[in-house]
Structures are given as structure tokens and as C-alpha cells.
Amino acid sequence: MTKYALEIEQLNKTYRNGVKALKDINLNVEDGDLFAFLGPNGAGKSTVIGIITTLVNITSGTVKVYGKDIRQFPEATKKMIGVVPQEYNLNQFIPIQETMINIGGYFGLTKKQSMNKTQELFEDLGIWHKRECTPRELSGGMKRRLLIARALIHSPKLLILDEPTAGVDTELRLTMWDFFKKINNDGVTIILTTHYLEEGRAFM
987 MTKYALEIEQ LNKTYRNGVK ALKDINLNVE DGDLFAFLGP NGAGKSTVIG IITTLVNITS
1047 GTVKVYGKDI RQFPEATKKM IGVVPQEYNL NQFIPIQETM INIGGYFGLT KKQSMNKTQE
1107 LFEDLGIWHK RECTPRELSG GMKRRLLIAR ALIHSPKLLI LDEPTAGVDT ELRLTMWDFF
1167 KKINNDGVTI ILTTHYLEEG RAFM
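Here this note's numbering is used: position 157 in the sequence shown is 1143, and no number is missing along the way.
Source of the hints: derived by calculation from the structure; they are not laboratory data. Ideal placement from N, C-alpha and C gives every residue a C-beta, glycine not left out. A hint or two may mislead.
Below 20 Å or equal to it, Euclidean Cα-Cα: the simulated EDC-like pairs (lysine to aspartate or glutamate) are [to be verified]:
#	residue 1	residue 2
1	K1167	E1157
2	K1129	D1110
3	K1103	E1084
Have a look at the derived ranges for each label pair, beta carbon to beta carbon [unchecked claim]:
#	residue 1	residue 2	range
4	T1156	E1109	41 to 49 Å
5	N1003	M1101	19 to 27 Å
6	T1048	N1027	33 to 41 Å
7	Q996	E1123	41 to 49 Å
8	D1019	A1152	37 to 45 Å
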């Protein structure tokens, strides 16, 4: 079995308008690692994440997730990845527990499996008492925790965090880092994008 969760080789991305977002990127992230993409806005961090998650097309180069090429095996690689996006992209009118069950079903979980995993994640993240609420009834910090839970419903091997603590207070930020370190200790590889130096240092 490959020792790398992520392998990027000679990755290039040029947009139709001629803008070169990425040039000859090479990167290996070992299984079980905590890895941070640290850089200012516009540095190409989100482009790399978009490519890994197959939302952005590759101009040239290869990307593999646990040894599988993302272009040859897109569905298999998607099941191994969980993504916490920078922006909220939640259905505002569906109770959050129902949202989790629906997403679990998309990944092949039974309703019971989804419910059990949802309870586990919501309790760990401190939002179980809000399970019947819709996202529009939640605070910004609770929405952020919901995005984390949603990304983990199918027990991915690789978790990608795109500016995960944007807009949250210091206390919640520390709580979230404790949670990330816990799941990393449980074997989940974590890749973070951030422009906060202190967050990058938290991964050292």
C-alpha cells in the first residue's frame, strides 16, 4: 500500500484567460500527516484544493490520492476525501441531522449508519443539541462545525480544510484544532490551506 495520501507531480493550471495559477507543482503528503498550504490570498492554494477534489480541471501533470489517479478514478478518490469549504454551502431550510443522513446515503451509508455517525460527530463538535435546527438558525461557529461534520460523515481517509477557522473566535478556533488533532491521531490525514501563520504553525 502506498505511503502517500497525496502525490502531485509537475502540476500546472492555466485558465482560459491565460492566467497561470500553478506551475510545475510537486508535492508528496504522507499518510497520517498534518500538512499546511500557507500563503496569501491568490497564491493558488484553493486552485490546488479544487484540482484534488476534481472541481477544477488539470492543464497538465498528475495528482494521486492513495495511489489512485484522480482523473482515472474520480469516484473512488472522492470517497476517500472529505472537504471543509471556506464558504458556507448548506441548504438553509433542511434540519441539519437530515442533511447529514442524506449525505451519508450519497456515500452508501444506511440510514442507521448515518444517524450513528451523525450523533458521534455532533457530540464531538458540540452541536448535537441543535440537530433539529436548520442552518439558518445556527451561529457562524456552529455552521462551521456542521461543515466539518458533513465532511467526515463517510469516514474519509483524507480531510481537506480550506481556511477552516475563517470568521470564528479564538476560543472556538482552539476547540476546532483540538478536534482536528484528535482525528489525526485516529489516522485521518489532514491538509489545511490558510493565510494565518499561527494556523500553519499549529501543524508543525
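Structure-based check of each hint:
The suggested pairing of K1167 with E1157 holds, with an alpha-carbon distance near 16 Å, which does not exceed 20 Å. For the hint linking K1129 to D1110, the alpha-carbon distance of about 15 Å falls within 20 Å, and the restraint holds. Note on K1103 and E1084: the hinted pairing holds, with a Cα-Cα distance of about 12 Å set against a maximum of 20 Å. Checked against the hint of 41 to 49 Å, the pair T1156 and E1109 fails, with Cβ atoms roughly 23 Å apart.
Between N1003 and M1101 the beta carbons are some 46 Å apart, a value that contradicts the proposed interval 19 to 27 Å. Hint check: T1048 to N1027, Cβ distance near 27 Å, so the stated range 33 to 41 Å is violated. The hinted range of 41 to 49 Å is satisfied by Q996 and E1123, whose Cβ atoms lie roughly 47 Å apart. Remark: the range hint 37 to 45 Å for D1019 to A1152 is contradicted by a beta-carbon distance near 23 Å.
Violated hints, in rising order: 4, 5, 6 and 8; the structure is consistent with all others.
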